[in-house]
Amino acid sequence: MALSQPLTQPFRLAGLELPPQTVLLCRLLALTILFTWHPRQIQTPFLPFLPGLDELPPVLFQRTLQAALVLGSLAILFTRRIRLAAFVTGSALLLAVLSSRAYYGNNKTFTGLLLVLAACADLRLIRWQFALLYFGAGLNKALDPDWHSGQFFHNWAGARLANPLYLWALPHLPTLPQIVCWSTIAIELALVPLMLLRRFFWPAIWISALFQCGLLLFTGDTFNLFFFASQIALLAFVEWPANPVTVIWDGECGFCAQTKGWMQRFDWDGILHWVPQQSNIGDRWGLSRATLKDAMYSVSGTNIRHGYSAWRAMVVWLPILWYTALAAVVLAPRPAVVALLLFLTPLSNPVGEAVYRWVARNRHRFGDQTCALPAPPKG
Amino acid sequence: MAGNAGFILGCALLAAQCGAIAYARFTPLRYFCWAPFDQQTKYLIEVYIGDEGLTEFQIQKRYRRPAQGFDNRSAHHLFDLIERAEKKFEPAGRSRVTVLYSINGGRQLTWRYPNP
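Protein chains in written order, with this note's numbering: chain A, 1 to 379; chain B, 1001 to 1116.
If we strip away everything but chain B, and leave its shape as in the complex, we get (with noise of 0.2 Å):
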């Protein structure tokens, strides 16, 4: 990688970031603007396939992440990531999911899936 060509490159990286940082400002997602540990969720994932409830290891399985736990991000990578997931696994919209959570020791709120 010629000098100058490695400097652009390393520019556009830089970039794209500042973009990512400015973005965050719009949305509640927090992907690539360096927010970690931002924000402290206590959440537990319920899940129903038409009328079968799935077990704590199937929601593992699903999403790769415990069923119940801490999320170090913003809440809202763990909706966006169920609400990818399932529409995914099931194009058929027959799952109904329900995250209990709370923001930094906050009041216990409540996110489904399909969104009402």
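Bound-form chain A, shown alone (with noise of 0.2 Å):
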């Protein structure tokens, strides 16, 4: 594949040949597959699904597809042809999997597939994927009598992973085996309508962001790709901005000129427009110039956040945190959930709020450059 029209701004979303979120998706499973270093579990033929692919070399066979895995995650994330470089390394995945038994697993599985949509371009396909698969687990787990029991779970978390959460709470508790089994089975199942109607994206979107993320924090474990193919994958419920967020600061702080210019260095699709509250832009939306004095404010379409929330909400359509969010996933996959989760959640409200509340009464103390807000009176 040809590494051809290279970017002149590589993390670029907009602008390319797939709508913003098909492209951070690409590129976040892209990062997954290198920073995992995945092309090394690529194994040579053995047993293939595919009746004939152990008849070619298998060195050869095992090294190209390496090769396109590298490749193909390179080209995702500096190159215009992402539609084709999604393509080829979803394709090289399968096949991966469809050459090997020893290979074959879910996750692999579930990543090229992923890959693959993608670069078909419409994003209701691998909405309609992520629904399949919970319908299918939902399926397989609702027929199965170790889960009505609760059997699977006990052994799993008992005897198999020695959790001492579960050992610890289990006789407080006896019929928690049944309870996760049966918990389990209703979430799986009740995403599936919720990844279909768009009315229940949103709540598709945490209850299956949660569900994983209290999967791994419960075992410590990835499970190879699939942790991160599964957060990943929940972008293609996302509703990307049609306009940019319009963010209102105090234009004469030079300190907030400061964190503006920071963090317009890592907006590079200029989704938020920053606009000085001395412009009287706040009264579009019945926000007093007094009002804005006390923090600054985002506007979402209707969405209108400040303070803190404004912060966050600014911060999550940079794709520097979720490249951030995920390198941190992958060195320690515990603490690097807990943050973030801690950080996406209201769970953080008060603690951000009071840090945003300090920073935002002591601004005139920092930066270089005078800030016109008058210092605080002494005593």
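Since the hints were derived computationally from the structure, they do not count as laboratory data.
For every residue, glycine included, the Cβ atom is placed at its ideal position computed from N, Cα and C.
Misleading hints may appear alongside valid ones.
[To be verified] Rough simulated footprint, nothing fancy, chain B against chain A, three-plus residues with beta-carbon under 8 Å:
id, region
1, 94 to 106
2, 125 to 134
3, 139 to 151
4, 330 to 338
[As the list claims (entries may be wrong)] Restraint ranges, calculated between C-beta atoms of paired labels, are given here:
id, chain 1, residue 1, chain 2, residue 2, range
5, B, GLU1052, A, PHE11, 54 to 62 Å
6, A, ARG63, B, PRO1066, 21 to 29 Å
7, A, ARG63, B, GLU1052, 48 to 56 Å
8, B, ALA1012, A, ALA142, 25 to 33 Å
9, A, ARG357, B, ALA1012, 51 to 59 Å
10, B, THR1027, A, VAL338, 34 to 42 Å
11, A, PHE49, B, PRO1114, 20 to 28 Å
12, B, ARG1084, A, ARG334, 24 to 32 Å
13, B, GLY1105, A, ARG361, 57 to 65 Å
14, B, ILE1008, A, GLY251, 48 to 56 Å
15, B, PRO1116, A, THR175, 36 to 44 Å
16, B, ILE1008, A, PHE49, 46 to 54 Å
17, A, ARG63, B, ARG1084, 21 to 29 Å
[What the hints assert, rightly or not] Selected chain A positions facing chain B (in silico; Cβ < 7 Å):
id, residue
18, PRO48
19, TRP156
20, ARG160
21, LEU161
Put the complex together from the two separate chains, hints included.
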């Protein structure tokens, strides 16, 4: 595959042949493949699902797939031919799965399918794929007697993982294995309609994300590529802002200007539209100058946020956050997931708001430039 | 890939998985039907070629999985893999394989190749 037409700004999401969230999805999957160095897991053909693949020169076949994975992932990151690159990378993964019963795994199949479906340039396909995955998983469990009785979870958590939390809780709640098994079945099957109906996309995103994060925190395992792929695929349910997010900031504050400059450095697609409060733009939404003096505001569609919530709502649209989060989860899965959950959920609001208010009150002390905010009275 | 062709390819991939999910209701195998981590199988494999027993290392090399351990999918994936490997590597039928296994902590069972 030719690595032609390199991007002048390799981290941009907009202006490519796929929608921004599909580009981000492909980039994050490509980074997962590279960060986990997945190509080293690719094997020579072994008892393949597709007859004849084991007739090919085994080492050449293996090296070709490895090269396709690496080059395809790099092309997703750095070239404009992102559809072709996603198709090649996904196909290489699927071919590796079909070529070896020893390599076969749901996580690799799912990742490969996501990339191929992303190349098909229709987000519905990715949503249907995810719903189908949960349907298959829920159905199989719902028909398994060991899931009805809780025996699966009791053996897995107790005997296999020797999970201290489970072993501590079991004597207090003997029905815990059944509760966990039936809850899992209910969640997986409930996610199917939620993932198919647009008005339920946000509940679907949160339930799926928390379910997979819970599994990771309980086991400490990312299940090879599965945790990453299952979280990244949720991008298919996100509505990317059609217009830039308006950020109303204090144009007379040096520290605020520095913060703005810092954030713009990572806003490669210009998704944040910065407007100083002094321009009276707040009038559009009934926000007075006095109100705007206290905190930064962000406006996206009908959502108006201020302070820490506004800052968080801005940061989540910057891809750098997700690239960093991905690297953190690869390096230290449990701490990184805890930090992400704290950041993305209202759990961090009390501390976040307190820190934001303190910084906002003292912003005249930071930065190189003079801030118009008067110093607070002493005493 | 044109828009329509991409959509048709995507739908074909999804349809194939629907077929695999339906097919899984008629077989103990669970390939491509999204049944990960639905079963925990503890197993021990013993292999004899003629009168000679294979070491754990040789078993690992032969099946590309440890001679004993856990499998996170249907136990029948293990049997399927062994059966296919023996038919390919030992077509003369000199191999005898015994798998001692238990599913989800249940009682110990035995699977043999060739099947009695």
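Hints and how they fare:
{"no.": "1", "hint": "94 to 106", "in the structure": "holds (count 6)"}
{"no.": "2", "hint": "125 to 134", "in the structure": "holds (count 6)"}
{"no.": "3", "hint": "139 to 151", "in the structure": "holds (count 8)"}
{"no.": "4", "hint": "330 to 338", "in the structure": "violated (count 0)"}
{"no.": "5", "hint": "GLU1052(B) to PHE11(A): 54 to 62 Å", "in the structure": "holds, 59 Å"}
{"no.": "6", "hint": "ARG63(A) to PRO1066(B): 21 to 29 Å", "in the structure": "holds, 26 Å"}
{"no.": "7", "hint": "ARG63(A) to GLU1052(B): 48 to 56 Å", "in the structure": "violated, 34 Å"}
{"no.": "8", "hint": "ALA1012(B) to ALA142(A): 25 to 33 Å", "in the structure": "holds, 27 Å"}
{"no.": "9", "hint": "ARG357(A) to ALA1012(B): 51 to 59 Å", "in the structure": "holds, 55 Å"}
{"no.": "10", "hint": "THR1027(B) to VAL338(A): 34 to 42 Å", "in the structure": "holds, 41 Å"}
{"no.": "11", "hint": "PHE49(A) to PRO1114(B): 20 to 28 Å", "in the structure": "holds, 23 Å"}
{"no.": "12", "hint": "ARG1084(B) to ARG334(A): 24 to 32 Å", "in the structure": "violated, 38 Å"}
{"no.": "13", "hint": "GLY1105(B) to ARG361(A): 57 to 65 Å", "in the structure": "holds, 59 Å"}
{"no.": "14", "hint": "ILE1008(B) to GLY251(A): 48 to 56 Å", "in the structure": "holds, 52 Å"}
{"no.": "15", "hint": "PRO1116(B) to THR175(A): 36 to 44 Å", "in the structure": "holds, 40 Å"}
{"no.": "16", "hint": "ILE1008(B) to PHE49(A): 46 to 54 Å", "in the structure": "violated, 23 Å"}
{"no.": "17", "hint": "ARG63(A) to ARG1084(B): 21 to 29 Å", "in the structure": "holds, 25 Å"}
{"no.": "18", "hint": "PRO48", "in the structure": "violated, 10 Å"}
{"no.": "19", "hint": "TRP156", "in the structure": "holds, 5 Å"}
{"no.": "20", "hint": "ARG160", "in the structure": "holds, 6 Å"}
{"no.": "21", "hint": "LEU161", "in the structure": "violated, 10 Å"}
In summary, the numbered hints that this structure violates are 4, 7, 12, 16, 18 and 21.
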